[in-house]
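*Asks:* Okay, here's what each chain looks like letter by letter:
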Amino acid sequence: MKESVADLPSENSLIAASKSGDTDAFDQLIRRYEDKIFRLAKSVCSGLPSDAEDVYQETFLTAFEKIGKFRKDSNLGTWLYRIAANLCWMRHRKRKREPFVPLLDDPARAGRAAAGDVKDWTFEPDEAAQKREIKETVRKALQELPVDYRLVLSLRDIERLSNEETATVLGLSVAAVKSRLHRGRMFLRDRLDAYMSGRSA
Amino acid sequence: MKALRCKQLVKRLSDYIDGTLDDSFCDHLDRHLKDCAPCEAFLRNLRRTVSVFHLQAQTAPARTLRERLRAKLRARKKYK
Ligand SMILES: [Zn+2]
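Chains as they are written, first to last, in the numbering used here: chain R, 1 to 201; chain C, 1 to 80.
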């Protein structure tokens, strides 16, 4: 079935219909957001595919249950991301042990740039096997990071939300988002360095 | 001392990449990057990190998973 843009019902009318229990209307909302929520869940529940699938499903089941409380002036995407983020947090609290974050923005370590030891990343992955290796490197790196770092990195650099939007979703200050984002990127850079500079390839 | 300055500037590279640095600091960093090869390489690597991270994350839920969600939704609706 093809839909032209003009035929698409507005998000507000779909939300209103969902509030009165219309699952077809809610299904259309799911279709607009499920790829985003799944991508976020996959990234944050790195290495735990069944957790990611649960977060994806639970996000929409929770949203359907709570849609009556959704306020007109809020943003549906932000609201869904927040539900998903809370589910990720709950899952990780169960596992209790949060990883220790190395201080890679500590000038003493990041300052290797100053020591002239920075290798350019000449490597261009073009084969499927190389892309898989990069995915694997990222997966391992994410698992070493606390869940709020993963959330910030994923919302900012995968979902491309702004610092302000990310702060709203996660209930953090913009300063906290920026600090986690930078530390997270520095951490990923460090973990990708050996592979991307060809030192281990 | 140059090395110390590099260490301070590296801390602001995410802001620089995102365009959230104030103008005067941005000019300062621009000038530094022009004649500091290591910082410039570090910046390029950090930019690549952001794009590599974005690209490797592209995925979509499998059809079976999408269907499982719809089935659960219909089941919940029934018992409401
Ligand atoms: Zn420098």
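The hints are simulated quantities; they were obtained by calculation from the structure and are not laboratory data. Cβ atoms here follow ideal geometry from the backbone N, Cα and C, with glycine treated the same way. Watch out, some of these pointers could steer you wrong.
As the list claims (entries may be wrong) - Just so you have them, the derived chain R footprint on chain C, three or more residues with Cβ under 8 Å:
| id | region |
| --- | --- |
| 1 | 7-15 |
| 2 | 19-32 |
| 3 | 45-55 |
| 4 | 64-74 |
What the hints assert, rightly or not - Some, not all, of what chain R presents toward chain C, calculated at C-beta under 10 Å:
| id | residue |
| --- | --- |
| 5 | L14 |
| 6 | I30 |
| 7 | R32 |
| 8 | F64 |
| 9 | L76 |
| 10 | M90 |
| 11 | H92 |
| 12 | K140 |
| 13 | K178 |
*Asks:* Each of the hints needs a verdict: does it hold here or not?
*Replies:* Evaluated hints:
no. : hint  : result
1   : 7-15  : holds (count 7)
2   : 19-32 : violated (count 1)
3   : 45-55 : holds (count 8)
4   : 64-74 : holds (count 8)
5   : L14   : violated, 14 Å
6   : I30   : holds, 7 Å
7   : R32   : violated, 13 Å
8   : F64   : holds, 6 Å
9   : L76   : violated, 17 Å
10  : M90   : violated, 18 Å
11  : H92   : violated, 19 Å
12  : K140  : violated, 12 Å
13  : K178  : holds, 7 Å
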